[in-house]
Amino acid sequence: MNRKVVMMNEAGHIWTEEQETPAPKPGQLLIEVRASMVSPGTELGGVKRRRENPGSTKRQRPFGYTNAGVVIGKEGDCDEFEIGERVSGMGGGYALHATYACVPHNLCAKIPENVSDAEAASNHLAATALHAVQRGRIRIGENVVVAGLGIVGQFACQIAKAAGAYVIGLERLPLRIKIAESAGIHRAINVSETEPVPIAQEFTNGYGMDCGIIAFGGDATGAFQQIRAMLKTAPDTHKVGRIVIVGGASITHGFAAGLGNVDVISAARTGPGYHDEDYEHGADYPPVFVPWPTQRNLELSLRLMSEGKIQVKPLITDMLPIAQAAEGCEKLIQHPNEALGVVFTM
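Quick note: the sequence shown uses the working numbering, first residue 2, plus one each step.
Worth flagging that the hints you see were computed from the coordinates, not collected in a lab. C-beta atoms are modelled at their ideal positions from N, C-alpha and C, and glycine is treated no differently. Careful, some of the hints might be misleading.
[As the list claims (entries may be wrong)] Label pairs and their computed distance ranges (CB to CB):
| no. | residue 1 | residue 2 | range |
| --- | --- | --- | --- |
| 1 | P337 | E196 | 19 to 27 Å |
| 2 | P337 | E86 | 29 to 37 Å |
| 3 | S183 | N115 | 19 to 27 Å |
| 4 | G94 | R51 | 17 to 25 Å |
| 5 | P322 | A269 | 28 to 36 Å |
| 6 | G255 | R138 | 22 to 30 Å |
| 7 | E194 | P292 | 39 to 47 Å |
| 8 | I84 | I266 | 38 to 46 Å |
| 9 | N262 | E182 | 31 to 39 Å |
| 10 | I141 | S307 | 19 to 27 Å |
[Said to hold, decoys possible] Listed next, the in silico SDA-like pairs over lysine to any residue satisfying Cα-Cα at most 25 Å (straight line):
| no. | residue 1 | residue 2 |
| --- | --- | --- |
| 11 | K310 | P273 |
| 12 | K49 | E33 |
| 13 | K162 | G209 |
| 14 | K111 | V265 |
Given the sequences, and given the hints that come with them, work out the whole structure.
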């Protein structure tokens, strides 16, 4: 059985080709994929750089890490999943942009009936945002600012709001601001036009933000400084609050008295378990010590979608057949203000 799969080489070229479908390994599901979603930053962020300094065209790989479809086969102990069930799968090298994919069963979750395949295909990105909100210890009534309204940033806004927080989003691309507003963010600010610090003071009635989330990659020093200025200020003049880094950001900033009593927190991926092959293929962590491993975050993300607390539809700007994957990727690379959620259908 052959499959169509989206490929990329070290010169930054993207195309769809046909390959033989691999057999599932023990602990894996064979999924007939119906939809996959592109992660613009993680998957395509380095493409322009590769094209400027191209590597070997012979070094190529399939890519993609979040999809949804139907279980058509399984190997080993995967008893919680049945043939014919709809599942959302995740994981680099597993949940590819492909018509068939072999995914470890602990990186899969069952899709609720009222969640579409295209919505469920975002699950890796939603669970990443969920883990960031959990790491930020965000509570009801708190004021939260999210810098970067890509897909993970959008989900972080929605999940923080579902947790009872009041949320401001910071972004430079008008399309992303419009999408955040349509999904119900309390306030979205174009930082290329407006200084956000005075707005934060007004938004919080002078109290200051409790938590910030940086949800983009690259140099984030400016965003970090901006969020620090928006946080609460203690009577001793020190800044107080939490800043979560979920994007692949680089930040240069002084600590101790140069930062204040601010907790800087890294939120890695979707939570415990991802990239532990034993966990991915069936081992578990003691729930009393690890209450939110990756699979539980996937399950909760899908439940929040089912309950309408996570809205995926406003984020989906383009749906294309997998044969046109290169076209969808080019739109994200060349015209980032014209697309956000690009979904490939099979």
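field: Violating hint indices (sorted, rising)
entry: Of the numbered hints given earlier, those the structure breaks are 12 and 14, listed in rising order.
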